[in-house]
Structure formats: structure tokens, C-alpha cells
Amino acid sequence: MKIKLDENSGSMLMFHCAMRWQAVWLDLLVVAVTFIVSILIVCLTGSVSPANAGMAIAFAMQMSGIFQFAVRSQTELEAKLTSVERVLYYCKNIQQEQSTADTDDLPAVWPSTGTISFKHVVLQYPSEPLPALRDVSFDVDDHEKVGIIGRTGSGKSSLCNALFQLYDLKSGTIYLDSRDISKISLSRVRRSMAIIPQDPVLFSGPVRFNIDPEGEYSDDQIWKCLDDVGLREIMTTNFAGKLDFIIEEGGRNLSSGQRQIVCVTRALLRNVKIVVLDEATANMDGRTDEHLQSTIRKAFAEKATVLLITHRLNNGEYPQCRRNSQQKLEDDT
Numbered sequence: 001m002k003i004k005l006d007e008n009s010g011s012m013l014m015f016h017c018a019m020r021w022q023a024v025w026l027d028l029l030v031v032a033v034t035f036i037v038s039i040l041i042v043c044l045t046g047s048v049s050p051a052n053a054g055m056a057i058a059f060a061m062q063m064s065g066i067f068q069f070a071v072r073s074q075t076e077l078e079a080k081l082t083s084v085e086r087v088l089y090y091c092k093n094i095q096q097e098q099s100t101a102d103t104d105d106l107p108a109v110w111p112s113t114g115t116i117s118f119k120h121v122v123l124q125y126p127s128e129p130l131p132a133l134r135d136v137s138f139d140v141d142d143h144e145k146v147g148i149i150g151r152t153g154s155g156k157s158s159l160c161n162a163l164f165q166l167y168d169l170k171s172g173t174i175y176l177d178s179r180d181i182s183k184i185s186l187s188r189v190r191r192s193m194a195i196i197p198q199d200p201v202l203f204s205g206p207v208r209f210n211i212d213p214e215g216e217y218s219d220d221q222i223w224k225c226l227d228d229v230g231l232r233e234i235m236t237t238n239f240a241g242k243l244d245f246i247i248e249e250g251g252r253n254l255s256s257g258q259r260q261i262v263c264v265t266r267a268l269l270r271n272v273k274i275v276v277l278d279e280a281t282a283n284m285d286g287r288t289d290e291h292l293q294s295t296i297r298k299a300f301a302e303k304a305t306v307l308l309i310t311h312r313l314n315n316g317e318y319p320q321c322r323r324n325s326q327q328k329l330e331d332d333t
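The numbering used here numbers the first residue of the sequence shown as 1 and each following residue consecutively.
Please note that the accuracy of each hint is not assured.
[Stated by the list, open to error] Derived lysine-lysine pairs resembling PhoX-like cross-links, with alpha carbons at most 20 Å apart: (1) Lys242 x Lys224; (2) Lys224 x Lys298; (3) Lys303 x Lys145; (4) Lys145 x Lys298; (5) Lys224 x Lys119; (6) Lys183 x Lys170; (7) Lys224 x Lys170; (8) Lys119 x Lys80.
[Unchecked claim] Derived Cβ-Cβ restraints for the label pairs, each shown as a range: (9) Lys2 x Leu40: 50 to 60 Å; (10) Ser187 x Lys2: 31 to 41 Å; (11) Lys92 x Arg297: 28 to 38 Å; (12) Tyr90 x Cys17: 51 to 61 Å; (13) Lys119 x Asp227: 37 to 47 Å; (14) Asp135 x Arg190: 19 to 29 Å; (15) Leu106 x Arg72: 50 to 60 Å; (16) Glu249 x Gly54: 52 to 62 Å.
These are calculated hints, taken from the structure and not from any lab test. No residue lacks a Cβ here, since even glycine has one placed at the ideal position from N, Cα and C.
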């Protein structure tokens with residue numbers, strides 16, 4: 001990374017040096033033009049009026065700024081067009097995710113339950129010599145709350161990647177509501193679940209937009225979800241009780257717990273059947289962690305299956321699936 005940054009900084013330095021050197025030569029060109037105009041005016045004394053002579057010299061001197069602006073604009077345009085070329089290259093040449101069409105017998109409302117089943121799942125990343133998940137099998141019942149616990153690098157987040165089909169499985173099958181997700185479109189599978197990551201994604205805009213970005217739900221539905229997660233009182237106290245309160249980029253004007261609760265509200269509003277918390281409380285203190293866990297248990301008590309991926313063992317109310325060094329899952333319940 002350091003070498004790449006040095007190369008980028010070196011390229012930018014050379015670019016600006018070239019622009020300065022170009023400006024020097026343009027100034028010399030303008031000086032030469034002004035000198036030639038002045039010589040012509042002297043040679044044509046008597047045939048050129050003083051007003052026209054003064055105007056000619058003034059325009060010649062103004063050419064310096066005009067030349068530099070025109071050449072600099074053209075150079076910057078050429079430099080920025082490389083970004084357009086790079087984007088077009090990615091669009092045309094980078095392999096896209098291959099999404100299958102939904103099967104004809106898939107219900108309009110799917111999934112109707114939050115059951116999850118991994119059957120002999122093997123997941124291997126393209127750049128890794130060994131599988132991140134090897135022969136993983138487990139079942140999670142509807143509305144069950146399960147904690148998946150393990151050390152860093154044990155493959156906890158790989159379970160999440162496999163569930164959301166971020167990578168193709170080497171072998172094995174994942175079932176949601178008794179359906180093989182490899183035979184269902186990616187958009188349908190991913191919209192049926194919600195994930196609350198360690199670093200919550202919040203956009204610069206109103207609270208309403210961050211909770212319901214597609215504008216599918218009414219204000220009453222949003223306020224009901226805010227009541228369920230205990231955020232209404234905080235909004236009334238700190239945000240003047242308005243859904244138009246502006247959240248800064250990345251939620252800078254919210255605490256870490258409030259940012260996560262906004263994400264919980266987003267998942268609750270969509271009424272998804274499966275919620276995944278991927279190290280969502282890793283950067284929180286114990287008190288904030290306990291408050292968020294209590295909020296999640298209350299909000300999704302009889303509404304969704306919850307998978308808590310964590311490296312801490314203090315979430316005692318969750319049945320635990322522990323990742324061991326053999327890449328298997330052990331049930332500690």
C-alpha cells in the first residue's frame with residue numbers, strides 16, 4: 001500500500017510540475033508575440049492610430065491568461081478522461097455476478113419463515129489456497145436467535161458471505177425457507193434478509209431517507225418501528241421529533257449505538273425474516289452493547305431469525321454455534 005501511495009503521489013507531482021513548466025513556455029510565447037506586435041507598431045508609425053496600437057498591445061498581453069486557461073483545461077480534460085476509460089473498461093470487461101431467474105413455483109411472499117439450512121457447504125475464496133468453510137452443516141429454526149462465535153479468521157464472516165451469495169460455493173447447498181437459494185435470483189435472496197455490519201451504512205440526508213431510502217412506507221409505519229426500537233424518545237429529545245432531521249455523512253452526528261439502531265429500524269421496517277449482525281457491537285462498550293442486544297431481542301422477538309456473528313462470549317441469551325479450527329460448527333446449546 002505504501003508503494004502504491006508513493007507511486008500515486010509521484011505521478012501527481014510530475015503532473016503539476018509539467019503544468020508549471022508548460023505555463024513558463026506559454027508565458028515566453030506571449031512575450032514573443034507582444035514583442036512582435038510592438039515592433040510592427042513601431043514600423044507602421046503614422047498608419048496605425050494610437051488607440052488601435054494600444055488595443056493591440058493590450059490584447060497581446062492578455063493572451064497569457066487565455067493561453068494558459070485553454071491549455072490547462074484541455075490537459076485536465078485528457079487526464080480525467082482516463083477515469084472514464086477505466087469505468088468503461090470495468091463495465092465491459094469485469095465479470096459480473098450471474099443471477100438466475102426465479103423458479104415459477106416460488107411464492108410471491110418468500111420467505112414466509114426464517115428457517116436456514118447449510119448442507120455440506122464448502123466456500124473457497126479465489127485468492128486463497130484453502131477453503132474458508134469446509135463441509136459446514138447446521139440448521140436454524142424460524143424465529144431462533146443464534147450466536148456464531150469464533151476467533152478472528154475462523155470463518156465467521158464467511159458464513160455471512162455464503163448466505164448472501166457474495167461468493168459462489170465450491171460445493172454444498174444453502175436453503176432458506178426450504179428453498180435452494182442458488183436457484184433464486186440474487187436480488188430476491190438479498191432483499192429477503194437484512195445485515196447490520198460493524199460499520200453501519202448511513203447516508204447524508206433525512207432520517208426518513210436513511211430508514212426508507214425507496215420511499216415505500218408511510219410516516220406512521222416508520223414511527224411505529226422507531227417506537228419498537230426505542231428511538232422515538234431520542235428523536236423527540238435530540239432531533240426535534242422530525243423525520244426530516246439531517247443525518248451527516250456516515251452518521252457523524254449520531255453515537256455509535258444510535259447509528260446501529262437506525263440500521264435495526266431499517267431492517268424492522270422491511271419486515272425481513274432473517275437478520276444478520278456481523279460484529280455489529282465490536283466497537284461498542286459493554287453498556288451500549290447490552291442496550292443494542294436488548295433492542296434487537298425486543299424488536300425481532302417473534303418476527304425474524306437472528307444470527308449474531310461475534311468474537312465475544314458475553315451474549316449468553318443466544319444459543320451458540322462455535323467455530324473451531326477444523327472449520328466445523330459445534331452446537332453449545
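Hints, one by one, checked against the model:
1. A threshold of 20 Å between alpha carbons decides the hint, and for lysine 242 with lysine 224 the separation of about 14 Å falls inside it, so the pair holds.
2. For the proposed pair lysine 224 and lysine 298, the alpha carbon gap of about 14 Å is at most 20 Å, so the pair holds.
3. For the given pair, lysine 303 sits about 11 Å from lysine 145 by alpha-carbon distance, which is consistent with the 20 Å threshold.
4. About 12 Å separates the Cα atoms of lysine 145 and lysine 298, which keeps this hinted pair within 20 Å; it holds.
5. A threshold of 20 Å between alpha carbons decides the hint, and for lysine 224 with lysine 119 the separation of about 38 Å lies outside it, so the pair is violated.
6. Between lysine 183 and lysine 170 the CA atoms are separated by roughly 15 Å; this keeps the pair inside 20 Å, and the hint holds.
7. Between the alpha carbons of lysine 224 and lysine 170 the distance comes to roughly 43 Å, so the proposed pair goes past 20 Å and is violated.
8. For the hint pairing lysine 119 with lysine 80, the CA-to-CA distance comes to about 49 Å; that exceeds 20 Å, so the pair is violated.
9. Distance hint check for lysine 2 and leucine 40: the Cβ-Cβ separation is about 57 Å, which falls inside the suggested range of 50 to 60 Å.
10. Distance hint for serine 187 and lysine 2: a CB-CB separation of about 39 Å, consistent with the stated range 31 to 41 Å.
11. Checking the proposed 28 to 38 Å range against lysine 92 and arginine 297 shows it is violated: the Cβ atoms sit about 48 Å from each other.
12. The supplied range of 51 to 61 Å is broken by tyrosine 90 and cysteine 17, whose beta-carbon atoms lie about 30 Å from each other.
13. With their beta carbons about 39 Å apart, lysine 119 and aspartate 227 fall inside the hinted range of 37 to 47 Å.
14. Between aspartate 135 and arginine 190 the Cβ separation comes to about 25 Å, which falls inside the hinted range of 19 to 29 Å.
15. Distance hint for leucine 106 and arginine 72: a CB-CB separation of about 57 Å, consistent with the stated range 50 to 60 Å.
16. A beta carbon spacing of about 54 Å between glutamate 249 and glycine 54 agrees with the range 52 to 62 Å that was offered as a hint.
Figure legend: structure checked against the earlier numbered hints; hints not met, in rising order: 5, 7, 8, 11 and 12.
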